[in-house]
Amino acid sequence: MSSTSQKNIAIVGVGGIGTHILRALVATNLANVVALTRSTTVHPHHHHYLHLHSHEQQHSSPPRKTLPSDLSSVSLIEADYNNVPAVTAIFKEHDIEIVISTVPAAGLHAQYTLADAAKASGTVKLFVPSEWGLPSEGASHRGEDNTFGIKDGLSAHLRTLGLPYTRFFTGFFIGYLPWFVGIDTNHVVNVIGKGETPFSVTSEEDIGGFVAHVLTTVPSSSPHLKNQCLRIQGDRITMRDLARIYHKPLEFVPEGDEVPAKTPEEAALKTFLQIEADGGMASTGWDRLTETERGDAGSANWLWEGHVWKRVEDSI
Numbered sequence: 001m002s003s004t005s006q007k008n009i010a011i012v013g014v015g016g017i018g019t020h021i022l023r024a025l026v027a028t029n030l031a032n033v034v035a036l037t038r039s040t041t042v043h044p045h046h047h048h049y050l051h052l053h054s055h056e057q058q059h060s061s062p063p064r065k066t067l068p069s070d071l072s073s074v075s076l077i078e079a080d081y082n083n084v085p086a087v088t089a090i091f092k093e094h095d096i097e098i099v100i101s102t103v104p105a106a107g108l109h110a111q112y113t114l115a116d117a118a119k120a121s122g123t124v125k126l127f128v129p130s131e132w133g134l135p136s137e138g139a140s141h142r143g144e145d146n147t148f149g150i151k152d153g154l155s156a157h158l159r160t161l162g163l164p165y166t167r168f169f170t171g172f173f174i175g176y177l178p179w180f181v182g183i184d185t186n187h188v189v190n191v192i193g194k195g196e197t198p199f200s201v202t203s204e205e206d207i208g209g210f211v212a213h214v215l216t217t218v219p220s221s222s223p224h225l226k227n228q229c230l231r232i233q234g235d236r237i238t239m240r241d242l243a244r245i246y247h248k249p250l251e252f253v254p255e256g257d258e259v260p261a262k263t264p265e266e267a268a269l270k271t272f273l274q275i276e277a278d279g280g281m282a283s284t285g286w287d288r289l290t291e292t293e294r295g296d297a298g299s300a301n302w303l304w305e306g307h308v309w310k311r312v313e314d315s316i
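1 is the number of the first residue of the sequence shown in our numbering; add one for each residue after it.
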C-alpha cells in the first residue's frame with residue numbers, strides 16, 4: 001500500500017478524546033474523515049463508575065452539533081446509532097475503511113449496532129472500539145458487570161462478525177490527573193492506599209497523534225493492527241510522584257472514605273478509579289484475566305517511531 005494513499009475514516013463521537021483524534025487525523029493529510037454525532041438523546045441507566053478514563057462524559061451530555069472552528073472542514077453527520085440501515089448507508093456512501101468509536105460509557109451498548117452497520121457496509125475493514133483508558137481485555141471472561149466487561153464483550157461480538165478490530169489501551173489521561181487526585185477540590189493530592197503503585201498515563205494530544213499516525217500509515221490488514229490490543233504509555237508514575245510534580249501535599253484518604261470531589265457521583269468515580277490504580281490495574285500492562293502485570297505497558301509505542309511522548313511534568 002502506498003503511504004500517500006488516503007484512507008476514508010469515520011469517527012463516531014467527537015467530544016473529549018474524539019476531538020483530539022479527529023484533529024490529529026486531519027493534520028496527517030492522509031485521511032478523508034467524516035464525523036458522526038448522535039441524533040437522538042441517550043438515556044443511560046446510571047452507573048456512577050461507568051466512564052473509566054475521563055469524568056467529562058459521566059453525565060449524558062447533548063451530542064455536539066458543531067465542530068471546533070479549526071475542524072470546520074470536516075463533514076459532521078447526525079445519525080441514530082441504533083439504526084443499522086441508516087448507519088450502513090453512511091459508511092457505504094463515504095466508502096469508509098476504518099470506523100473509530102469514541103462513544104462515552106453511557107453509549108457503549110450502541111457500538112453493537114455500529115459494528116453491525118460496519119460489517120454490513122462491505123467497505124469497513126477495521127473497527128476501533130471505544131476503549132481509551134485502562135485495559136479491559138479479559139473482563140467479560142471474568143464476568144465483570146461494569147464498563148470493563150461491556151468493552152471487552154464487544155470484542156467477542158466483533159470476532160463473531162468477522163470484523164477485525166484494534167483496541168487502544170492508554171491509561172489515564174494526563175489532563176485529568178489533577179481532577180483524579182482531588183486537587184480541584186481541596187488543593188492536595190488525595191490518595192487511596194500507600195500511593196506507591198505505578199500506573200500508566202498518556203496525554204490526550206499523544207493519544208490522538210498515535211491513533212492518527214498508526215491508522216494512516218499502517219495497512220488496515222496488518223498483523224500489527226488486526227485484532228490487536230495496542231498498549232501505549234506516555235509516562236509511568238505513582239501518586240507520590242504526582243504530589244512531587246504538582247508541588248502539593250500528599251493526603252491519605254482514611255479507609256472507607258472517598259476521594260474528595262464536588263459531587264457524590266464524582267467522588268464515587270474517583271474512588272473507584274483510585275482503587276483500580278492502587279491495585280495495579282491502571283498499568284496498560286495489566287492483565288485483567290490473570291490479575292497480573294504483563295510487563296508490556298507502552299509496548300506499542302514503537303509504532304510511532306521517533307516520537308517523544310509527553311510526560312506529566314510537561315503538562316505543568
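Worth flagging that the hints you see were computed from the coordinates, not collected in a lab. Do not rely on the hints blindly, as some may be mistaken.
[What the hints assert, rightly or not] With a Cα cut of at most 25 Å, we get these calculated SDA-like pairs of lysine to any residue:
{"id": "1", "residue 1": "Lys125", "residue 2": "Asp70"}
{"id": "2", "residue 1": "Lys125", "residue 2": "Arg240"}
{"id": "3", "residue 1": "Lys125", "residue 2": "Leu250"}
[Claimed, not checked] Label-pair ranges, simulated between beta-carbon atoms:
{"id": "4", "residue 1": "Glu313", "residue 2": "Thr217", "range": "36 to 42 Å"}
{"id": "5", "residue 1": "Thr28", "residue 2": "Lys92", "range": "19 to 25 Å"}
{"id": "6", "residue 1": "Pro68", "residue 2": "His307", "range": "35 to 41 Å"}
{"id": "7", "residue 1": "Gly122", "residue 2": "Gly295", "range": "37 to 43 Å"}
Quick reminder that beta carbons are idealized off the backbone N, C-alpha and C, glycines included.
Structure-based check of each hint:
1. Between the alpha carbons of Lys125 and Asp70 the distance comes to roughly 29 Å, so the proposed pair goes past 25 Å and is violated.
2. Between Lys125 and Arg240 the alpha-carbon distance is near 43 Å, which puts this suggested pair outside the 25 Å criterion.
3. Note on Lys125 and Leu250: the hinted pairing is violated, with a Cα-Cα distance of about 48 Å set against a maximum of 25 Å.
4. In this structure the hint that Glu313 and Thr217 lie 36 to 42 Å apart at CB is violated, the actual value being about 29 Å.
5. Between Thr28 and Lys92, the C-beta spacing of about 24 Å keeps the proposed range 19 to 25 Å intact.
6. Checked against the given bound of 35 to 41 Å, the beta carbons of Pro68 and His307, roughly 24 Å apart, lie outside it.
7. At roughly 40 Å, the beta-carbon separation of Gly122 and Gly295 lies within the given 37 to 43 Å, and the hint holds.
When each numbered hint is compared with the structure, violations occur for hints 1, 2, 3, 4 and 6.
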